[in-house]
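Peer 1: Protein chains in written order, with numbering that gives the first Met the number 0: chain A, 0 to 332; chain B, 0 to 332.
Some hints could be false.
It does not matter which identical chain is meant; a pair holds if it fits inside one copy or across any two.
[To be verified] Simulated crosslink set (SDA-like; lysine to any residue; CA at most 20 Å straight-line):
1. 111 / 218
2. 111 / 127
3. 111 / 270
4. 2 / 68
5. 2 / 13
Simulated from the structure, these hints should not be mistaken for lab results. As the structure is a computational prediction, the values presented were derived from the model and not from experiment.
There are 2 protein chains.
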Amino acid sequence: MEKVLTLPSVSDVHAAAGRIAPWVRRTPVLTCSGLDEAVGGRLFFKCENFQKTGAFKARGAVNAVFSLEPEEAARGVATHSSGNHGAALAMAAARRGIPAWVVVPADAPPFKRANVARYGATVVDCAPGLSNREAALAEVAEGTGATVIHPYDDARVIAGQGTAAVELMEQVPGLDLLLAPVGGGGLISGCALAARAAGLRVVAAEPAGADDAWQSFQTGGRVRLETTSTIADGLRASLGERNWALMQDHVEGVCRVEDGEIIAAMRTVWERMKIAIEPSAAVPVAALLSGRLPVRGLSVGVILSGGNLDLDGLPGLFAAGRPDGPQAPPPMT
Amino acid sequence: MEKVLTLPSVSDVHAAAGRIAPWVRRTPVLTCSGLDEAVGGRLFFKCENFQKTGAFKARGAVNAVFSLEPEEAARGVATHSSGNHGAALAMAAARRGIPAWVVVPADAPPFKRANVARYGATVVDCAPGLSNREAALAEVAEGTGATVIHPYDDARVIAGQGTAAVELMEQVPGLDLLLAPVGGGGLISGCALAARAAGLRVVAAEPAGADDAWQSFQTGGRVRLETTSTIADGLRASLGERNWALMQDHVEGVCRVEDGEIIAAMRTVWERMKIAIEPSAAVPVAALLSGRLPVRGLSVGVILSGGNLDLDGLPGLFAAGRPDGPQAPPPMT
Numbered sequence: 000m001e002k003v004l005t006l007p008s009v010s011d012v013h014a015a016a017g018r019i020a021p022w023v024r025r026t027p028v029l030t031c032s033g034l035d036e037a038v039g040g041r042l043f044f045k046c047e048n049f050q051k052t053g054a055f056k057a058r059g060a061v062n063a064v065f066s067l068e069p070e071e072a073a074r075g076v077a078t079h080s081s082g083n084h085g086a087a088l089a090m091a092a093a094r095r096g097i098p099a100w101v102v103v104p105a106d107a108p109p110f111k112r113a114n115v116a117r118y119g120a121t122v123v124d125c126a127p128g129l130s131n132r133e134a135a136l137a138e139v140a141e142g143t144g145a146t147v148i149h150p151y152d153d154a155r156v157i158a159g160q161g162t163a164a165v166e167l168m169e170q171v172p173g174l175d176l177l178l179a180p181v182g183g184g185g186l187i188s189g190c191a192l193a194a195r196a197a198g199l200r201v202v203a204a205e206p207a208g209a210d211d212a213w214q215s216f217q218t219g220g221r222v223r224l225e226t227t228s229t230i231a232d233g234l235r236a237s238l239g240e241r242n243w244a245l246m247q248d249h250v251e252g253v254c255r256v257e258d259g260e261i262i263a264a265m266r267t268v269w270e271r272m273k274i275a276i277e278p279s280a281a282v283p284v285a286a287l288l289s290g291r292l293p294v295r296g297l298s299v300g301v302i303l304s305g306g307n308l309d310l311d312g313l314p315g316l317f318a319a320g321r322p323d324g325p326q327a328p329p330p331m332t
Numbered sequence: 000m001e002k003v004l005t006l007p008s009v010s011d012v013h014a015a016a017g018r019i020a021p022w023v024r025r026t027p028v029l030t031c032s033g034l035d036e037a038v039g040g041r042l043f044f045k046c047e048n049f050q051k052t053g054a055f056k057a058r059g060a061v062n063a064v065f066s067l068e069p070e071e072a073a074r075g076v077a078t079h080s081s082g083n084h085g086a087a088l089a090m091a092a093a094r095r096g097i098p099a100w101v102v103v104p105a106d107a108p109p110f111k112r113a114n115v116a117r118y119g120a121t122v123v124d125c126a127p128g129l130s131n132r133e134a135a136l137a138e139v140a141e142g143t144g145a146t147v148i149h150p151y152d153d154a155r156v157i158a159g160q161g162t163a164a165v166e167l168m169e170q171v172p173g174l175d176l177l178l179a180p181v182g183g184g185g186l187i188s189g190c191a192l193a194a195r196a197a198g199l200r201v202v203a204a205e206p207a208g209a210d211d212a213w214q215s216f217q218t219g220g221r222v223r224l225e226t227t228s229t230i231a232d233g234l235r236a237s238l239g240e241r242n243w244a245l246m247q248d249h250v251e252g253v254c255r256v257e258d259g260e261i262i263a264a265m266r267t268v269w270e271r272m273k274i275a276i277e278p279s280a281a282v283p284v285a286a287l288l289s290g291r292l293p294v295r296g297l298s299v300g301v302i303l304s305g306g307n308l309d310l311d312g313l314p315g316l317f318a319a320g321r322p323d324g325p326q327a328p329p330p331m332t
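Bound-form chain A, shown alone (with noise of 0.2 Å):
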């Protein structure tokens, strides 16, 4: 018998996109002259930057919390995460008024875990490695009864993250593709369903030290990675089942890009647009600069997914993306 994954539709996103919006930002699309002459079409920032949070991950976090029935939110919700995921989730729960119970383990950085902290969360510390996280998790769900929110396969959380190009696509009509990058796929795969039921084109931009989706797109298959290495450290994740399933029927394909890229693009944003973005947001624009993803003569929504990061690592971060410098991070497994 097959499995049968819950899926959201378009009107899945639409019903999302007004359940979130008394609690979400409504974020704007800034332009940049000298970004559009450097690729030669005409680009349009969704600044998820500027998103509560931090990152995207709010509008998912939201409306995964606020579609729970009442006597379901009232035991919580809880989740493992070290990044933006676990934030957006507790600013959730905090607007819904719903206890949350974040795992996070030890060798989270103190930024990360502090930002969890801030919206009332319940820290709860896990020794390092998935199956810890997961084991952790579970131990919570069972002893609370609290309902995990999966940080990207998930319906309602996938439905969220598509709110970001429902609103772009109300801000600038007439866009020809949208611009996404994959880690889970929770945000290109809502945004892909989206914009494509509006008649766009959607490409996905994915580091190559964690190219799960390009590789499942050239096998035609799921591809799990055993082990991924890329600076960009919110795209890690492996490649979700519904995100999969979405992305195969909603976008034509991934361009990959190597940390320097990276780092050179978000160095590239920092200082032409003047906004802070993590080295995640950056891969659609190391994508289009690199000249393999052509858009001469398009307008293209860029999706820009977050703004966290450290800024005592920053230095570290732009001596990595020199010839010379340090290289990435070791892998995680």
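Since the structure of chain A is provided, determine the placement of chain B on it from the hints.
Peer 2: Only chain B this time, still in chain A's reference frame:
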């Protein structure tokens, strides 16, 4: 006989808004709930770091250049500046299709020189020091017939800078107070003219290491400092004659901040608002966060003046903000 100064009027500011509109950005206004909570007021940040050339200076330069009579304009414009005014004047001249000469001291950072050259101005090298710069500029003006455009002590420049306040008040009706940094006084005097006409209170923010405006208010006469020492390199200039005249009428006071407060405020804006601002732009934010400027319950417009800085210098800048870090740069004479 008393000297008569040409001062701009409120209607000059509104005329400037129309004149410059095709060439500059209507910059967005951002908010930040975390900063609102920190100060107990509602803050509205006018993002001139997103302005063309990366700073509000584009407004004044464009207004001055497009105010010139055709035959005057044809001979070009000139200035001495190692900073944002040089780039802004170069851009404005390029838009009008006239030549520009910018005298740049030999010790100016390469990225600033590049900003000027990017817009096609002729960069004229000179030895460091104000007298050398002025001598080189006089030579250029005599040799070319170019009109010298002062960076701030000029009625057309002041009127142009004031358009930032006009836009902000259109974008956010009902402001109580306007806050902007003061260096030479171009921005604050133009903005104060417009804001006071609309009934707002106006306060200037100034680095303690270049507090000529504060001292001028204390003594009732325009004070000129022999030396200055502050990380906010855009605010080291001496208060202009026209600027001081307008400030006396329209600015209620000056709030001084230390370099450590400026760097901390800059970092807070980067981390919480995800935008890149230069140290000078952080000065009003530092004033707000210091608690020395009570804004509880008020709606406050804050001009974030620019976002041009060398990312390679960032680690040193942040290090300078720590108690055990290096000291401020040597005084500028």
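Peer 1: Hint by hint, note whether the structure agrees.
Peer 2: Structure-based check of all given hints:
no.: 1; hint: 111 / 218; in the structure: neither (35 Å within a copy, 49 Å between copies)
no.: 2; hint: 111 / 127; in the structure: within (15 Å within a copy, 45 Å between copies)
no.: 3; hint: 111 / 270; in the structure: between (25 Å within a copy, 12 Å between copies)
no.: 4; hint: 2 / 68; in the structure: neither (25 Å within a copy, 76 Å between copies)
no.: 5; hint: 2 / 13; in the structure: neither (26 Å within a copy, 66 Å between copies)
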